[in-house]
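Guided by the hints, dock chain B onto chain A, whose structure is given.
The listed protein sequences correspond, in order, to chains A and B. FYI, full-length UniProt numbering numbers position 250 of the first sequence as 250, with every residue one higher than the one before it. FYI, full-length UniProt numbering numbers position 337 of the second sequence as 337, with every residue one higher than the one before it.
Derived by calculation from the structure, the hints in this document are not laboratory data. A portion of the hints provided could be inaccurate.
Put simply, identical chains are the same to the list, so a pair is met inside one copy or across any two.
[To be verified] No more than 25 Å apart at the CA atoms, straight line, and that leaves these computed lysine to aspartate or glutamate pairs for DMTMM-like:
| hint | residue 1 | residue 2 |
| --- | --- | --- |
| 1 | Lys162 | Asp97 |
| 2 | Lys162 | Glu100 |
| 3 | Lys208 | Glu38 |
| 4 | Lys162 | Glu99 |
Protein chains: 2
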Amino acid sequence: MVLGKSLRNHKTTRKLVVMIGPHVSDPCKGVLLKIFDEVLLVDVLDSGDSANLALMKRPDLGVTFTKLHCWTLTHYSKCVFMDADTLVVQNIDELFDREELSAAPDPGWPDCFNSGVFVFRPSNETYSKLLQYCAEHGSFDGGDQGVLNGFFGNWATADISKHLPFIYNLSSIAIYTYLPAFKQYGGNAKVVHFLGQTKPWSYTYDPKTKRVSGDMQETSTHTSFLQDWWFLYSSSVVPMMVEGYGDQPFHSGCVEVHLEFQSPVKENCDHHGHWPGSWSQINSHKEGGWKGSSSSHDSHHTEPYMSPETSEERKQKWEQGQADYMGMDSFDNIQKKLDAFLK
Amino acid sequence: MVLGKSLRNHKTTRKLVVMIGPHVSDPCKGVLLKIFDEVLLVDVLDSGDSANLALMKRPDLGVTFTKLHCWTLTHYSKCVFMDADTLVVQNIDELFDREELSAAPDPGWPDCFNSGVFVFRPSNETYSKLLQYCAEHGSFDGGDQGVLNGFFGNWATADISKHLPFIYNLSSIAIYTYLPAFKQYGGNAKVVHFLGQTKPWSYTYDPKTKRVSGDMQETSTHTSFLQDWWFLYSSSVVPMMVEGYGDQPFHSGCVEVHLEFQSPVKENCDHHGHWPGSWSQINSHKEGGWKGSSSSHDSHHTEPYMSPETSEERKQKWEQGQADYMGMDSFDNIQKKLDAFLK
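Looking at chain A on its own, in the form it has when it is part of the complex (with noise of 0.2 Å):
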C-alpha cells in the first residue's frame, strides 16, 4: 500500500497491479483497490498448471514460483517489478525505457542483480523456461533472486544497460555499509529497499511527534527513508484503512492511533495493510507496463512458503509483520495464551 501511494505520489503514467495471496481480508483489498489499477489473487501452492506440479515435489520453491508468475501478466508488454518493502522517492517512469532483464546489482555479491527491483517482458514462453529452470537447478539462495540470476545468469557481463543505477535499488544495508558512498550519491536516490530483517512496519510510529520507535541499530544512518514511509502510511493509508474497516478494529502500528481516528487497537487483523505469509504484487501500465512487489520477500534470506515453522520462526515472522493471523496467531489463540498467563 505504502509503496502503490509512493508510486501515486511520484506521478507515475504507469498501470499499478498488485497481486496478493489468498490471506489478505477484505478491507485490506477495498483499501488495494483504491490505490492499485488492477489487485490480482494469487493461489501460491495451487496454480493448476502441469509446470507448477512439477515444482509441487519443491515446496521450498513456493515462493520463488509465486514471484515468477509475473512473467503470465501478458496483456502488458513491459513491466517492472518491485518488492512490498521498497520505497519511491522519485518519478520512475523512465525504467520502462530498459530492456529484460534490467536490474540493479546486489551489495551483498555484487555480480548478483538484486530481485527487489526489476525491469521484465511478460511472455508465457519465458514463463515456462523459468518454472524448467527451477525444477532442474532449484534456486542457489532457497529464493527467487538464486533462480532469476541463474536463469538471466549473463547479467553481470553482457550488457550494461541492463545495469540498473544502484540509486534504483538503495538497499538500506548499503548506506551503514559504506556511509561516505551514500552521503555523495544517496541524495539522487530513486527507490529505497528496506532489505534484512526489520522491515519499516517493525517499527512503532507517533503522527504527532513524526517520531519512529523501535529498535534502531539497524538504520540508525537511514531514519530519513524510514520516517517518509511511515509518514506515507500514517498520513495517506491508515485513514484509508479506517474507513476500509468500519467498525472492525484493526493494528496501524501507531500509537495513540485509535485516539485520532476513534478506531480501536487490537491485534486480531491484518497488520499494516501488509499481506501475512503470503505477497503481492504492483503493476505499473500504459503502452504496457507492471510493477509488483513481495512483502515476505527478503532476497538473502527468503523462508520456504510452506514449511513447518519452529516457535523461533514464527516470533521473527511475528517481528517481520508477518504473523499468521488467521491460524497460529489469531486473536482468539492470543486471547486464550494471555488468559493462561494471567491466571
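For chain B alone, kept in the frame of chain A given last:
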C-alpha cells in the same frame, strides 16, 4: 610479501614491483628483493613535484596521493594494482587484456568499484589530471577509492568490459553477507581481498597444527582463505625473514616459531614483513605490466597518513599489524611500560 609469493606460485608471467615507504627495515627490503622484480621506495609526503605541493594543503589525502603515484611508472605500458591485503588463488595474467580503468564492484556501494584491484595505464598526463582532480574535488571517502571513483566516474554505466568479475576482488565481507552466492560462485575465486578491520596478520598461527587463532567472528565463513594466507606466509615468507634478519629478533606471528626456526620471538621490529604505517606496491610486467599493493589501505576506512593519533587509533593500528615499531611502539618503549606496570 604473501601477495607476491601467491602471484609467483600461480606462475604469473608478468613483472612484479613493490612500492614501499621509508619505514621498511633493511632485512625486509632484502626479502622483498627476493620476491619482486623491482622494489620502489616512495617518500609519501615529499615527492618534490609542484603538483604534490598543491596537495600538501590536504594532508588527509596523503595515502590517496601515494596510491595515485602508480600512474608515474611509465616504463610499463599496462599494469594491475593490488592492495597488500589481497591474496591470489589462481593465475590472473588475463587481467592484462583489460583496459583502464577496469575494476570489480565494491560490495558496499556496487556502483563504485573497489580500488583494491584495478587495471590501469601509467601516464604522466593521467597522473597530473588525477592530482588536479584531488585538489579540486578531494575524496568523498577520504581515501583513494573515493578519488578514483570520482575521476573514473562513468565506470558504472559506460562499458561492461571494464567491470571485472567479482571473483577478481572477492571481498571477504561479501562472503558472510550473502553466503549462498559465495557457495555458488566463490569456488572460482581468483583474488581474495581481506577487507575490514581484521587482517590476516591480526591473527596468530600454529605452523604445526596449521591452525589460525584469534577473534574469528568476522572470518568464521572464510577460514580456508585465511589458512591459505597463513600457510603461504609461514612456509614461504617466514623462512626468508629468518634468513634476512639473521641474529636480529623479529616477530613472525606464528606460535612457537622460535622452536622451528631457532629465532627468538620479540615485538620490536617489522611485523610479518608488512610495512607499518607506510605502504607498498607490487608490479607485474612482460610487454608492460604492473601490480601494486597497500598494507595500510582499507577501502572504507582509510586513515589520514600523518594525522596525530589518539590512543584508540594507535591501538587499532597495532591490532591491524601497523604498529609504529620504530617510534611510539618500539621495543624499548613497550619494555618501559611493562616495567612500570610490573613494579
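For each hint, the structure was consulted:
{"no.": "1", "hint": "Lys162 <-> Asp97", "in the structure": "both (11 Å within a copy, 24 Å between copies)"}
{"no.": "2", "hint": "Lys162 <-> Glu100", "in the structure": "both (7 Å within a copy, 22 Å between copies)"}
{"no.": "3", "hint": "Lys208 <-> Glu38", "in the structure": "neither (33 Å within a copy, 67 Å between copies)"}
{"no.": "4", "hint": "Lys162 <-> Glu99", "in the structure": "both (7 Å within a copy, 21 Å between copies)"}
Violation of the numbered hints given earlier is confined to hint 3; every other hint is satisfied by the structure.
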